[in-house]
Every structure is written in C-alpha cells, then in structure tokens.
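Fit chain B to the given chain A structure using the hints.
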Amino acid sequence: MYGENAPHKTTKSLQSLAKRLQKENSSLFSFFLDGSRRVYKVDDIEYQKRIFPIVGGQIGVACCNRKAPDSFGKAIVERHFVLSMPSIATSGEQHPSQFLGRLTQNLNEIERIKRLGIKFSDIMTYKSDKSDGGREEYMDRGTAIIQDKMIDCEKKVVDDLVRKSLLTQDNYLIKDGSLQYQRSGGDFKEMAKYKSNYRRVIGVSKSFNPEFSKDKKNRSNASAIANLPLYHRTPASVFQEGRVGNVFFSVWYVRIREAKYSDSPFAGVLKIEKVLVTQEEEENGLDSGEVDMITANVINERDPVCYGKDQRWANHLYPIFLTENYIKSQFLSDLHFINLF
Amino acid sequence: MTQQIGKVVATERAPSTVDEFYFWTQKNLIIKPFDVVKVQHIKSSTTYGVVEEISHITDSASSLAGYISSDFGDVEAITNTDRIGMNYVKAKVIGNTGSIYTPVLDGKSVSLANEEDIKDALGLSEVKNPLPCGYIEMYDENTITIPVHFNSHFLIGPEGAHLNISGISGLASKTSYAMFLMKAIQDKYMKVKDEPDDSVAFVVLNVKGRDLLGLDESNEDLNNYDKAIYTEKLNIEPTPFSNVKYFYPYAKKPEAVTYGRDFDGQRHLNKAFQYKYTFEQDKEKIDMLFTNIDDPNGTMESIVAHICSPSSEFFKKTTWNDFKDLLAEYKQKGETGKDKEISVLSWRKFSRHFNRVFEKSTIFHDNINEDKGEVRLEEAIKKINKNDVLVIDIAKLDEETQGFVFGDVVSAIYDLKLGQIDDRTEDEIPSKIVIFIDELNKYASKDVPKNSPVLRRVLEVTERGRSLGIILFAAEQFKSDIHDRVKGNCSTHAYGRSNAIEVSKSDYQYVPPVYKSMMTRLKQGEYILQNPVFRSLLNIKFPKPIYRQFKNG
Chain A
1 MYGENAPHKT
11 TKSLQSLAKR
21 LQKENSSLFS
31 FFLDGSRRVY
41 KVDDIEYQKR
51 IFPIVGGQIG
61 VACCNRKAPD
71 SFGKAIVERH
81 FVLSMPSIAT
91 SGEQHPSQFL
101 GRLTQNLNEI
111 ERIKRLGIKF
121 SDIMTYKSDK
131 SDGGREEYMD
141 RGTAIIQDKM
151 IDCEKKVVDD
161 LVRKSLLTQD
171 NYLIKDGSLQ
181 YQRSGGDFKE
191 MAKYKSNYRR
201 VIGVSKSFNP
211 EFSKDKKNRS
221 NASAIANLPL
231 YHRTPASVFQ
241 EGRVGNVFFS
251 VWYVRIREAK
261 YSDSPFAGVL
271 KIEKVLVTQE
281 EEENGLDSGE
291 VDMITANVIN
301 ERDPVCYGKD
311 QRWANHLYPI
321 FLTENYIKSQ
331 FLSDLHFINL
341 F
Chain B
1 MTQQIGKVVA
11 TERAPSTVDE
21 FYFWTQKNLI
31 IKPFDVVKVQ
41 HIKSSTTYGV
51 VEEISHITDS
61 ASSLAGYISS
71 DFGDVEAITN
81 TDRIGMNYVK
91 AKVIGNTGSI
101 YTPVLDGKSV
111 SLANEEDIKD
121 ALGLSEVKNP
131 LPCGYIEMYD
141 ENTITIPVHF
151 NSHFLIGPEG
161 AHLNISGISG
171 LASKTSYAMF
181 LMKAIQDKYM
191 KVKDEPDDSV
201 AFVVLNVKGR
211 DLLGLDESNE
221 DLNNYDKAIY
231 TEKLNIEPTP
241 FSNVKYFYPY
251 AKKPEAVTYG
261 RDFDGQRHLN
271 KAFQYKYTFE
281 QDKEKIDMLF
291 TNIDDPNGTM
301 ESIVAHICSP
311 SSEFFKKTTW
321 NDFKDLLAEY
331 KQKGETGKDK
341 EISVLSWRKF
351 SRHFNRVFEK
361 STIFHDNINE
371 DKGEVRLEEA
381 IKKINKNDVL
391 VIDIAKLDEE
401 TQGFVFGDVV
411 SAIYDLKLGQ
421 IDDRTEDEIP
431 SKIVIFIDEL
441 NKYASKDVPK
451 NSPVLRRVLE
461 VTERGRSLGI
471 ILFAAEQFKS
481 DIHDRVKGNC
491 STHAYGRSNA
501 IEVSKSDYQY
511 VPPVYKSMMT
521 RLKQGEYILQ
531 NPVFRSLLNI
541 KFPKPIYRQF
551 KNG
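Top line first, the protein sequences correspond to chains A and B. Per our numbering, residue 1 is the first one in the first sequence, and the count goes up by one each step. Per our numbering, residue 1 is the first one in the second sequence, and the count goes up by one each step.
Bound conformation, chain A alone (with noise of 0.2 Å):
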C-alpha cells in the first residue's frame, strides 16, 4: 500500500509546482518546531550496592512563526530544567509522585536556586531493574526519561497552537525531525488528540536511516533515494510504527540540493513525515495533490543556507536552523548548570 491515493510509478518532479508558488509568493509554512535537550550527569547514588547515575536536564522547546520573509520571531517557548534519578529513590514511599513533586518543591526553595531565578519543573524516575549493560545502561534511561519529556513538551506546544487555531490550512508546521514519537503509555483518547493535532503538521527529517525504506517487494529504496533528481520526491509509503501505536504516517523523500554539491549520496535529501489522520486517508493514504503542495514547498524552504555554520547544511531548512539556534541560545552553559549541583 502507498502512503498517497494517485502514485506516480517512479519520482516525481515538483520544480514546476515549486516555481508557481514561489512567484505568488506563498509559503504553506508559517511555523516551526524544534526540541532539544542537554542532559549531564549531575551526581551519583547508592542503592543496594548499586551505583545509580543522577541526570540533570535542560529542556528546550521553540516554535518560531514566520509572518513574512523579513518578520520571524518566537511564537512559543517551553524552558524546563528536570532531574532523572532512579525509581529505587522512591521505593518507599507510597506515592511517590507526591514525594517527587516534595522533593522539586523543596529543591526549588533552597536560596542558591532562587537567588538564580532558576526553577526546576519536574524530578522524574527511571527504572532501576538490574541491567546487564553497566552503568551506562542508566544514564541512558535517565536520558530518555528526559527525552519523553522534552516530546511531551513540543506536543503541547502543538496543542497550544491548535488551540489556539494558528494551525491552519494555509498555515503548516515544521517539525524538525521525525513524528513517530514512542508511546509513553497514552492511551485511545490520547492517540486521538495527537492525530488531529497533528493534521497540519509535517515532519521533516535531515538525516535517516535509508535501509527502512522499503518498496514494494521489501527491498531497500536506498539507492533510488541517493539516485533523486532534484526537486524530485519518491511516491509516498505508508508506514506504521508499533512503538507509536496506532498511527499511520505517509512518508517520503525529495531532494533539495543536487547531489554534486554535496558529500554525500543523502545529503541535500530530506524525509517527510505526515500523520494520516481520517479513515480515509489509513485506508487510501494521502492525497497525492497534497503530498506534492507539501513538497514543493519544503523546496521553497532550501534558501538561505547555513552554509558554514553548520555540517549538515545541504539537508537544513533555513526557518528551522533558526528555531534551533534560538532554542541552544535559551539553555543555561553546560558549566553555569553543572555548578548548580
């Protein structure tokens, strides 16, 4: 099955499409999205002979919106600093969120903290099941507690934005990176809500794994990938991912910067995610007119570069390198957040 309702057989060509939008000067995308974390090991603590890493965390999340080309500024920013220890810290309470939520309170009243005007949002636990990895095996999971959190956090600034009805069929967002986020115990309802506020949302990933992509007869597309011509997308697949649940998404690729200027045989190729939202479109995926307007204006997006300030500049989308620069600007020096602890 496709992950569009009409095909094409090989790649498509979008340079004219793009061409057309760019002269009515009109963009599908007026925000965009991006998260990212810093994680350190703050501490270490002993529980049964065992040595639990403590991980401290910065959380950032900014959605920038672009009015016009000369007007680009935060829509909406989520800041939070957390802590991660293990759930062996909690074993002897009866409710431990109510102790972890203490716990904050009376971390964020020590006079240090305060006169620093910084707040800490959450302590959170990860397991402490025995692991056969050794202790790095901890900090990863202390890390990717962190990481959930830094999810939830930009699935509710999507809900914001849904909320308040800035998402819009004139008015997409980028996601910087993939949508298919881990399902962090949500249920029915919740997988409800994320579809629908995902319905004008893309997510637009710089670098993937080639090998996932399969054609029809579960053969790698790698090479029909790296092979793109320019402004090309490869036909839509439709793809389910079992830690997400039950959500489908269309995915595809288009290439936005001729493979000779750049060093690699993916670079200047971009993966696009979207959410199918109705029955409609999980039985028949998506429409195919929407999937090409989708990409021709992902290509619009190929201009200005980043050219020398960061590596991966032939993948970048200039609106999102923005919205990660604003967001890295937010976060405390790694220095200034260790001497916290």
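Hint data in this document are derived by calculation from the structure and do not stem from the laboratory.
Listed next, the stretches of chain B that the computed footprint assigns to chain A, with coverage defined by at least 3 CB atoms under 8 Å from CB atoms of chain A:
1. 47-61
2. 66-72
3. 78-87
Ideal Cβ placement from N, Cα and C applies to all residues, glycine included.
Leaving out everything else, chain B in the frame of chain A:
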C-alpha cells in the same frame, strides 16, 4: 517618552570600554552617524554615546553562503525567509550623568535621546557666552532641531582663538560659513552696547568675484525656512551686515581691478574707497611682494632693508617712478661701487621681480586724493571702529599683489593693536579684530618659503594674536596643505565637504573612518565642527547667507 532602539552587546572581540560601546538595532531602524543615544547605566545614571559606525550583519558565515543561498548563483532565486540580520552600531561614549565612566553593561537598553538629553550629552546646554554657530538635526524620523552655540571666548578669545575652515570649492560654502559666524558675532556685539572693554570689528578680504561685495545688502532669495532658523532657532536678526565699508584697488577705471560693478553707487553712499600705496610711506612693505620667491640667503630682505635705510639713496626718493629709475642704475653692470654688500646679480633679481609686479599693478601710486575716496589702506584700517566691517577687494589683483595687500592688512592691524598709533585711545579701538581670508594656502601653505614675510605675519597672528585680540578666520580647500603652526593654533576647526585623498592624510588621523567618509559626502551648508567646548565632533548645518548673493560671481 524615549524610544528604545536596541540593547548593548559586549563580546570578547568587541567589549564595551570607557570610550565606546556597541549595540544592536532592528535592521530597518534609520539612524546615522552623529546621532546621540543613551544607555541605562549603574547607579541609575545614563551614559550618552554618539553613533560612529553602523554595520549590517547576518548569520551568513561567508560570502559563499550568500551565493549558495541563491541556488548556487541564480540571480532570480527568491527565498521564503530573509536571512536573520541586524544592525550593529558602534557608539563613542561622550558622557555620563553621574560621571561614571565604567563601561556600559551587556544587555542594557539603548534609546534615542530627547532635546534636553542631546544638549546635555553634547555639552550644548549652559554654554557660557553663547554664540550661534549653526544647528544640528538629529534622527531622520521625528527629527529634532537643536541650535548649537560656541562659547565665544573659545572662538574669538581670550580662552581660544582662530578658526580654520576647510573644504572643496563651491560645495563646502566656506565663505558663507565664515560670514554666518561673523554676522552672529556682529549681532551679538551690537546688541550688547554697554561693555566698553569688549568690542569687535571685522576685516574681510574678498578674493573671489563679487562674493563679499554686497555684505550690507539683503539676500532676496532667502527662503522662509532659513529666515525662521535665523530668528527662531539662532536668535540672529535676518538682516545683512551693518557698518560695512568697501575698499577697492585703485585704478582710473575701477572695473579694471575689481569684479564689483557698483563702485559709483557705493561711493555715493560714502562706503566705497580706493586704496593706493605710496612709495614714501609704503616702501618698507616691498618685501611682501616677494612672498613666494625663495630667498635662502636673505638678499631680497637685505635690499629692502637697504632701501628703507635713512642713509640710502632710495630713502630720499618720493615716488615709485624715481625709485624705479634709481633701481635701474643699481642693476647696471659695474655699478657695484654703490653697494659693496649686495651684488649686482641680487639687485637684478630684485629689480626683475619688482618690475614684474609693478608694471601690471595700478595700486602703486603716489598721490592720494581723499575727496575722490582714495586712501592708504594702512591708514584706513587704523581708523577701524567697533562693529565695522571693512571689505578689502583683492579678487582681480595678481597673486603677488594679493599677498602684498593681505600682508599689509595684517601688519596694520598688528600695529593698531600693539598701540603704535598715536592719535587713538585704547577705548576707541575695538578690543577684537577678526580677519577673514580665503585661500590661506597661498600665504601659509607648507610650500611657502619659510622666510616669506606674509607667512611670518600670519604666524604672528595665530601664535600671538589671541592675547592682542587679533583673530584669524581662514579658509582653504585642503587643510593638509597648511603650515602646521598655523592650523595648530586654531582653536576651532570646521570641516566642509572634502575629497577622499584629502581625508586620507595624517591631519584626519583622529577622525573616525565613518566621519571621514561623511566628510566626502557633506551637503552644502553642512559642516563637521571641532571646538574645545564640544565633547565630540558635531555635524552642524547653517542657513543660507543673509547678505546679497551674486549669481554669476
């Protein structure tokens, strides 16, 4: 309400210092060099800065990124998003309300200033002995017009004196600016009549066409805007100069030696005169005819000394013609017996130069008929009264004679101020006499021979004139040409439109690069001023001349 326009940025590469700071603004904010901004500083003080340089920067790492951003060189490529950019402004600190000179801090708010702030910042409020010298227009949006005043004690003494105006011909309006200042001075002194110890008079040399031959006539073309600037902003009467007298070179037909066309009319009103030089009384000045002649051994000087010596044969002569005849004898071969110290060759050189000037000049004449308005210039100058403006026309004279007349004027004023006049009391003589000369480079350039008698007199005025009350307002195209001791003694410098070669010279070393390039773009009626009272250079404007302008020179 003050308009916030940006914030201070202090980085490792460009930190805030005691002298300067940097701030960002939106890229579409219109701001220009010389605009004043203010910054919140510690202890609730405010630091003022003057904009020096404005750059526009983006996040583009290189020009190549720009090329790539246009689809690898497609000039018609359009982008959905403009590259993120801002204007980055360098400002020079000019003061702090709490006299705190620690550098301004990163992230502090930068705002435009209001009229009071600007006056405070530039040192324009509470100027003692105010004398209007123009006005500044700050900010292109919501323009603020502020009159600017010198402290007259720093322009015409006693604290500082002499003005140097430089700028290229025509575009800089050097003469107009000098006249604007002189009109302001005359106006100020005519309003204050009861200060016997402080008075002024002017001696102006007209070196070009009819430029200054209508100083007491109104400029009919003066528009209402400029009139309003004179009256409302600068408090100067929009009337031409008063007490003007014109001195034209003598010739039977005045038009032969002057571009002025109204000698008879002015003569009728008893304000025009013709000046002459008689051998008997002016022979000591002959050396000034040789201003630009290299005389390393001082032979010309010796000859003039000999001529003026009472024991010399020349001393008995009473007319220029007799002098010439005797001179002819001295240069004859074999006549060395007449003077053993000066060789015949030197006499010949002297004679050659003297005759060259004498033959083409009509001002060397021995009979003076006062009824016809003929005067000796020295005598006329020595009779100068308070608030008088004496215009001496030398425009149509040859270069040597121009130097001769200028040197004579300076000498006469010097003698007058040194009290070497018997028939005038101290009270009658103006306490300050302002001399204006254009094309100073002819008399005091670096190339003028060091022993030039006119240069010597100019140096005397600039170095010792302040204490005597002799003030030189001089103008030239290129300041870098002028003798260092002359310009070094000027307390005020006005820079009009100049050219790129000139501003690259060492005289402009201390001028920030952006101001230098502004100097090459200044409009007519715009100057950059440097005066000890002001905390920084000022970009001022002044209204069109108030006296008659002759359209065809």
